[in-house]
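Colleague: Residue numbers (the working numbering), protein chains in the order written: chain A, 1 to 782; chain B, 1 to 227.
Mixed in with the good hints there might be a few duds.
[Unchecked claim] Capping the alpha-carbon separation at 20 Å, the derived lysine to aspartate or glutamate pairs in DMTMM-like fashion look like this:
no., chain 1, residue 1, chain 2, residue 2
1, A, Lys17, B, Asp96
2, A, Lys139, A, Glu153
3, A, Lys120, A, Asp196
4, A, Lys140, A, Asp124
5, A, Lys158, A, Asp111
6, A, Lys309, B, Asp96
7, A, Lys175, A, Glu205
8, A, Lys309, B, Glu167
9, A, Lys647, A, Glu459
10, A, Lys175, A, Glu146
11, B, Lys161, B, Glu32
12, A, Lys175, A, Glu145
13, A, Lys244, A, Asp211
14, A, Lys309, B, Glu74
15, A, Lys3, B, Glu117
16, A, Lys120, A, Glu459
17, A, Lys3, B, Asp96
18, A, Lys506, A, Asp70
The hints are simulated quantities; they were obtained by calculation from the structure and are not laboratory data. Just so it is clear, the structure is predicted and the values come from calculations on it, not from any experiment.
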Amino acid sequence: MLKILLNTVLRSLYRQKAYSLMNIMGLATGVTCTLLILIWVEYETGFDKFHEEIDHIYSVYENQNYADGDVFSVYSTPAPLAESIKKSFPEIKYATRLVTTLGQLVLSVGDKSYVEDGGKIVDDDFFSIFSFPILKGEKKHPFQEENSIVLTEKLAQKMFGESNPIGRMVELNSKFRCKVVSVIQNPPANSSVSFDFILPFQFFEKLWDYDLNDWQANTFHTFIKVEKGVASDKLALQLQTYIKDRVPNSNVELALQAFVEYHLYAINANKAGPIWYVRVFLIIAVLILLIACFNYMNLATARSERRAKEVAIRKVVGAQRNGLVGLFLGESIFFALISLGIAIVLVELLLPVFSELTDRNLALGINNIKFLLSVSGIVIITGIISGSYPALFLSSFLPIQVIRGVSRKDSALLRKVLVIIQFSMSIALFVCSGIIYQQLNFLQQSDVGYNRNDLIYIEMSDDFNVIYPKLKRELIKIPGIYWVTAANQMPVNFTNSTWDVGWPGKTENSEDILFQLSFVDYDFIETFEMDVIQGRGFSRLQGEDSLKFIINESAAEKMNMVNTIGEPLRIWNYSGEVIGIVKDFNFRSLQVGVEPLIMMRNPDTFKYIGIRIGEDVEPTLNKIRAVWDTTVPDVPFTYRFLEEDFKYFYTAESRMSKIFVSFTLIAFVISCLGLFGLVSFVTERKSREMALRKVFGASMDTVFQLLLKEFFKWVLFSNAVAWVLSYFVMEWWLKGFAYRIDIGIGIFILAGFVSLLITFVTVYQQIWRLALKTPAHVLKYE
Amino acid sequence: MINTKNLIKIFRTDEVETTALNNVNLEINTGEFVAIMGPSGCGKSTLLNIIGLLDNPSEGELHFNGFRVEKYTERQRTNLRKENIGFVFQSFNLIDELTVFENVELPLLYLKVSGAERKRRVNEALERMNIAHRAKHFPQQLSGGQQQRVAIARAVISNPKLILADEPTGNLDSANGEEVMNLLTQLNEEGTTIVMVTHSPSDADRSHRIIQLFDGHVVTENMRQKL
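Chain B extracted, bound-state conformation:
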């Protein structure tokens, strides 16, 4: 599904150049659950953002579903993203002005799904995340765990082939973290490819494969036994 060849990402300011990713070669297959680990500043989130088409690499190739996408325009990337990729962030990133229902509904609006269909799918997703009773609440009225469940509902609402999770349990206590990881695992079992950045070894244990990054390089790739 995802293939990178000699991926390089360099951040430039006026005087300083920082290489965030250096010759990263990766292959992530459909249906895989991959965890990316490594110390702070090693390039995990940068890699995730490039895979998620939120950012462009400085050099190298990025293949998504067989297409070379590293030179896509913002518009092309948006189109590809909204149909194929769901995101889960550490800080949930829900829109404060929208209710739980509306936050989850948002991706469907951009996919021009009909009103009735949206309602059905959002309710279904909320039921599944066990948060339906909070549909009319605003994000600030929810606990962290509940907010992350809403964020996951939003990530899965468009039935994406790939979910990218950037430290999804980073802001949660262990019980809520556990619940979120259960949900992600379940999604993966149902066929969704998941790429997750994490600091937590126990979360990483849920994955099929762990990619270790250090200073922008892939240092190891451990296949988990479950695979």
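Only chain A is shown next, with the shape it has when bound in the complex:
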């Protein structure tokens, strides 16, 4: 029986090549997209899973509560936290601090120097919490001595070649010597914690003058590993007031995030985190697969006339209905299997492109059982969904109806509905990707309140205050350079903040306002071309300006200052006066609004040199390099454009929007196949009606228009459905942005136009052929 079934399917596949090809390609395209998305989802959800006992690892984070009800969640925690909680709670087995951004450090071996920014500073427990295999040297407790360093295989190879690095000395910023104690395996690409080298925590004190007993400052990520069987919610509850117990006025509550969720889930309650993309793309995968299944249903039922005879004969000679249902389901599963074969080839071909698009090193997990099982599941489900309606519909034919030539209750309505759903989904995807594109474009083009073009910055690892004045003196002489300044951070992403701010008229209620802080040098406002509304910027001409503050509009508003200039202001122990108000500018991603900001001059914290250059970029850069090489000969010259950093902020979004657009196009192509199937069915059905119309005087044009109008009607209806759907989805999405576009009518009109054009191209040939048919020919074979 199976052999006969297979034979029948193969022969009908061969006999109706065009139909089979359309059907298989539709399914194959759908399965390909779904596979690609699943591979990506598998990768994203597989992040960090290589750690043994990952279920016992947690990240401790802060929820900072502010007067206006806002909760600001950060991973940054106080320095003494890790050790303290480990002592207080026996259920916490290990705890480590992690300094995530170390900036650039110069590592030297002999006379060779390497500028590396992949360093992390951790406690020794780090190696017991996470499973990064140590390949050489001390395997369990690398940081028994202060002056130790752990290198990754990659960096060890780069610095020491093939020779054994264990025990060798590495010089840090030409100041500290540390011994290579271990070589650790390169962290995999799907690790949230990545590094090139690791230093023991004592280095933090050496590199920066930082009070490690301060419970109020928060700089470090804290990770813990708990004993087996510990209830994390109970522990979290106990930890909640841990900081408040030590700092009575603190607004900080501690919370735990399971490390499994570290990569995908945001700790801010009102943010979705990357899991949003995972969910969106899973929905897209399901939609595309459904579109492909609908396509199959459409094409299969459109051929029902041809299958009717076969069904009738089989029934006459003894086939039962459920046997026939099985036959048709078998057929669709068979089609799905062929599609899977093609899809696997397509996925292999497309993976490099898709990997680049997603910025992930993706691979088809042929030897991954879980993946294979899910793929088989998809194929069977695809086969069953696609085959379900055709099987039920075709097997319901009664032989007597076929023999008598009675027209059966027709599936045209359902087919129309299927095509309308297909088109609605495709058009909705089209509109959504258009709006996403517009929004991202808007963000990238929008005025952030300063001029981010023609601005480069140099990160300096050490001796800033010695080198910077010399550099500035030389740099400013270069004709292509307009301004030079310094700061502790660049305005693309300010990360320092405090609530410990005092001003006259501060009330109890205003206690908990979180102010962003930035330490900037003279000429900062000028270099970045920010607008001063009142007062002035920091200027050497005015002396040291060391206890002077510049605030932004939002801060002035929050503090409710009347005569701002000259007003006293206090941050921590620094008391001084406000000398200027700068117009609000964005110093973080535009998803976030502008927050109150205070800037002060504190040269000890400077880390970056910002340079405003002219249009002759290359010659100017060469001159800067020349100055650098003479001033800091032992550190290689590296620089970045601020604009690039700004764009980097939106890479995730713009990458996602590219993927979105690609899948939209694919959905459209499959929908067109569905439409094509529907057109073939309708033209077959309508040939008699059209022939008769022509007999009684209709012209070819009228017949053509009549048919076209019918298809256009469906597509317009799909548009209406899609417009409403996409409007609400996109309004919801845009709510997540502090700066956003208003959804305009243009994209909807464009979607309408494109869908009608595509419809016209798809149906044109077939309905024109029908319009051209000689009536006598059609009616003769009636």
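Starting from the known structure of chain A, arrange chain B on it as the hints suggest.
Modeller: Positioned in the frame of chain A, the structure of chain B alone reads:
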């Protein structure tokens, strides 16, 4: 074998009611060869379809081998049909995607006959119909006469007690028609009951009895001399 009592078949659309069969009372005995004749639209094929359990009557009784079957479900009718009745149609009704061999084999598959047995019986039937050399061909590669011989092979493969033939020679030239009628006659002589709808008086001449229908009524029943 077949017995009908006041058989009525009415076709209904939304507004029109057509009575295709009106109080048809018939008795067909085992081993008989019966021809049903009459003008187009008189209800011949409807009667054949009801006898063949492809359709249900609107009213009246239908007895098959002593059982009342007019209220059988689709499943029951299928079971009864596949074991007892073979069909031959004017338009052959072979499945285009199956070879001659596979078309003939089809009823045996639904009767769950073993592979070896199927092969033996199909080959035998094809030999008998003188079409064995075409076993691997597809229906479109055969002439009309050859296709009808395949259809007859398929009808007899399950050794049915009854063969229903709806204008079996209607699409054939006289030589091929003659050959098909010879085959049917031979089957009847071997004991198979045959009920045949036909327009052709010469084909009807092969039968034992001719039932004349007009507007859904049985008007005459002529016993042939051969009986």
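Colleague: Run every hint past the structure and note whether it holds.
Modeller: To see whether the hints hold, each was checked on the structure:
1. A:Lys17 with B:Asp96: holds (15 Å)
2. A:Lys139 with A:Glu153: Cα-Cα ~14 Å, so holds.
3. A:Lys120 with A:Asp196: holds (8 Å)
4. A:Lys140 with A:Asp124: It holds: about 9 Å lies between the C-alpha atoms, which stays within 20 Å.
5. A:Lys158 with A:Asp111: Since the Cα atoms of Lys158 (chain A) and Asp111 (chain A) sit roughly 14 Å apart, the hinted pair holds (cutoff 20 Å).
6. A:Lys309 with B:Asp96: holds (10 Å)
7. A:Lys175 with A:Glu205: Distance ~14 Å between Lys175 (chain A) and Glu205 (chain A) Cα, so the pair holds.
8. A:Lys309 with B:Glu167: Holds. Lys309 (chain A) to Glu167 (chain B) sits at ~18 Å (cutoff 20 Å).
9. A:Lys647 with A:Glu459: holds (19 Å)
10. A:Lys175 with A:Glu146: holds (14 Å)
11. B:Lys161 with B:Glu32: With Cα atoms ~11 Å apart, Lys161 (chain B) and Glu32 (chain B) stay inside 20 Å; holds.
12. A:Lys175 with A:Glu145: holds (17 Å)
13. A:Lys244 with A:Asp211: holds (19 Å)
14. A:Lys309 with B:Glu74: holds (18 Å)
15. A:Lys3 with B:Glu117: With Cα atoms ~16 Å apart, Lys3 (chain A) and Glu117 (chain B) stay inside 20 Å; holds.
16. A:Lys120 with A:Glu459: Holds, because 17 Å separates the two Cα atoms, which is no more than 20 Å.
17. A:Lys3 with B:Asp96: Answer holds: Lys3 (chain A) to Asp96 (chain B) is near 16 Å, not above 20 Å.
18. A:Lys506 with A:Asp70: holds (19 Å)
Going down the numbered hints, you'll see the structure goes against none, and every one checks out.
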